[in-house]
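With chain P fixed as given, assemble chain H onto it according to the hints.
Line by line, the protein sequences are chains P and H.
This note's numbering applies: residue 6 is where the first sequence begins, and numbers increase by one.
This note's numbering applies: residue 207 is where the second sequence begins, and numbers increase by one.
Worth double-checking, as some hints may not be accurate.
Unchecked claim - Here are the computed lysine to aspartate or glutamate pairs in the EDC-like style, where the Cα-Cα straight-line distance is at most 20 Å: (1) P:Lys188 - H:Glu343; (2) P:Lys64 - P:Glu109; (3) P:Lys156 - H:Asp226.
Claimed, not checked - Label pairs and their calculated CB-CB ranges: (4) P:Val79 - H:Pro265: 26 to 34 Å; (5) P:Gln234 - H:Gln258: 33 to 41 Å; (6) P:Ile120 - H:Gly288: 24 to 32 Å; (7) H:Gly267 - P:Gly76: 27 to 35 Å; (8) H:Pro340 - P:Asp93: 25 to 33 Å; (9) H:Thr291 - P:Lys147: 41 to 49 Å; (10) P:Glu262 - H:Asn289: 23 to 31 Å; (11) H:Val333 - P:Glu69: 34 to 42 Å; (12) P:Gly260 - H:Thr291: 50 to 58 Å; (13) P:Ser217 - H:Gly292: 33 to 41 Å; (14) P:Ala149 - H:Glu354: 24 to 32 Å; (15) P:Ile120 - H:Gly244: 17 to 25 Å; (16) P:Lys158 - H:Glu354: 49 to 57 Å.
Please keep in mind that the hints were generated in silico from the structure rather than gathered at the bench.
Model, not experiment: these values are computed from the prediction.
C-beta atoms are modelled at their ideal positions from N, C-alpha and C, and glycine is treated no differently.
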Amino acid sequence: MRKRIKAVAVCVGIALTAPASAQEELNFDAYREMLADGNPAELYEMEGEELWRTARGPKNATLEQCDLGLGAGVVAGAAAQLPRYFEDAGRVQDIETRLMYCMETLQGIPSKEIIDGKFLQGERARLAALVAYVVTHSKGEKIAIDLSHPKVKEMYELGERTFYYRLGVMDFSCASCHSQDGKRIRATQLPNITTREGAAEGWGSWPAYRVSSSQFWTMQHRLWDCFRQQRAAEPIFGSDVIIALSTFMAGKGNGIEAKWPGVKR
Amino acid sequence: MKKLFIAVPLALCTSVAVADELQTKVEEMMLSSFKANGIASLDRQKQDEIQQACSSPTPPGAETMQRLQAAEMAKIRWPADGNYTGGDWKEGQKIAASGRGLTWTDKTPNNNGGGCYNCHAMDPNEVSEGTIGPSLEGYAKLRGNGEEIVKYTWGKLWNAKAYHACSDMPRNGYGGILTEAQIRHVMAFLFDPASPVNQ
Chain P
6 MRKRIKAVAV
16 CVGIALTAPA
26 SAQEELNFDA
36 YREMLADGNP
46 AELYEMEGEE
56 LWRTARGPKN
66 ATLEQCDLGL
76 GAGVVAGAAA
86 QLPRYFEDAG
96 RVQDIETRLM
106 YCMETLQGIP
116 SKEIIDGKFL
126 QGERARLAAL
136 VAYVVTHSKG
146 EKIAIDLSHP
156 KVKEMYELGE
166 RTFYYRLGVM
176 DFSCASCHSQ
186 DGKRIRATQL
196 PNITTREGAA
206 EGWGSWPAYR
216 VSSSQFWTMQ
226 HRLWDCFRQQ
236 RAAEPIFGSD
246 VIIALSTFMA
256 GKGNGIEAKW
266 PGVKR
Chain H
207 MKKLFIAVPL
217 ALCTSVAVAD
227 ELQTKVEEMM
237 LSSFKANGIA
247 SLDRQKQDEI
257 QQACSSPTPP
267 GAETMQRLQA
277 AEMAKIRWPA
287 DGNYTGGDWK
297 EGQKIAASGR
307 GLTWTDKTPN
317 NNGGGCYNCH
327 AMDPNEVSEG
337 TIGPSLEGYA
347 KLRGNGEEIV
357 KYTWGKLWNA
367 KAYHACSDMP
377 RNGYGGILTE
387 AQIRHVMAFL
397 FDPASPVNQ
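In isolation and in its complexed conformation, chain H is listed as follows:
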């Protein structure tokens, strides 16, 4: 009986130690197996807290998720003038369609696309649309353009992880993928009554 009691905690200890050793090896490998190429530097191989927390098949517990989301929420830059409009839906359409940018074959870290169509349906006439994210067809027609939905959408575009820590959607504003001006254009693509999204 006594023996059994001792054996259990010991077994637990070794399994934890093995798991950590594996994690250390993964982190080392994620650096040693790569080389910098152009704008894709080795910094990209290191994880921030949220990336680390969301790197397993099961998301962290509710408490951790909330803490992480609150931290991401604080990183959102809201428009200085409190005005979310002013974008051009035609520009937004181009940004949504372009999946270009930030790979090691791109010369500059600027002028990126949003790659929205990689994951979302938007303009009902565009058939080449991904399905990783929910359909955004008829976005403002369905949800209106009240302050709450407009503010939420800006926040989601700026930092999707503020609403769902382990979201597959990139943090466009926070990550410097899109500029504030580009986000305004994408907002117009989603909300402008004349935008094909709302036809």
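In isolation and in its complexed conformation, chain P is listed as follows:
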């Protein structure tokens, strides 16, 4: 199984390192179909499942008692109802900050290590694998976050404001690139996140395996790179701005089926 998936990843990787014409990029749906029963994200799911069950960290504990919002140890359907407010942590958390919280409280792995770390490396990479595992157990679920909670609602409103917040030398906001139907940056299609369908498409297809770089990216990684393109300063891992935007997108897409983990160019 592992071998087969690796082979697919390598082939597609090579296909895309050849100067990809716009036509090829526009035909990306074909790649997606080709990968439909072999999304390389499966590798990360398996790694994540193992990490969930393995005793690790200074406290030598597993994550099996981690409460993702549906009770200790419940993984099925958990991703679809995040972000949510957690009493114990006293804040709204997305899947990544919640897992980070569990790693710290249950296993003793300091959050600081993840916050100050780098994407695709160390504990932050292990966190991404755990995300892959958790979202797999919400496959086909409809996005269902609880906007009736005042803290979640406030995060949603902060996220909406942030979405339109222009900044930096290029005056971009998220809306500059994601507020019209059917628009492209070069050959890349952009979802219109100001609509229910577009928000669900954007929110519900990450984390994703990125074929062009053969990497598995979480939503925090995706937004970090959008802020880079926006020419903003660097967002801090797990900070409120990421939670706010996530809550806005998930809340707007509420009721629509998520497609995670996705496969992306």
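Relative to chain P, chain H alone:
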């Protein structure tokens, strides 16, 4: 009846207060959730007047738009010699195609691309073209190269907000994204009869 009269203004007051509180929180968050990285300093998180005015789904009213546009118009640097030509369309083509520059992974704030193809069609043979802005294919062929269009285009490239305060197009000259020499090259790419844009 009396009660109702009192209740209405009160309700209005609280909703305004809540909105402002939210705005304050957004502004704080836009600083506290970020860190400086290389050339991308925290200054980037603070808005100037036009960014602030254009940060909602609905643009400000006509009067405000005009005031903001007039202020941006005054920031355009027109060529000192009154001459808009002298650029090389081949250089302009490279600048239009490059979307590089000014991110936290870029080492220097100089040598940026214009990223024009991110948003515009230009050379009809280039298929990897964005659609956020209008197509610029055949720019001078369609619009000629009279003084008015040439001057407008320079102004648009230098400071797009002078013509439409809430434009999605960056302020290339004003923002220090492109140098005056680079803008000349892009002008040539748009206006030179030999440029692929006009084939």
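*Any hints this thing doesn't respect? Which numbers, in order?*
4, 5, 6, 7, 8, 9, 10, 11, 14
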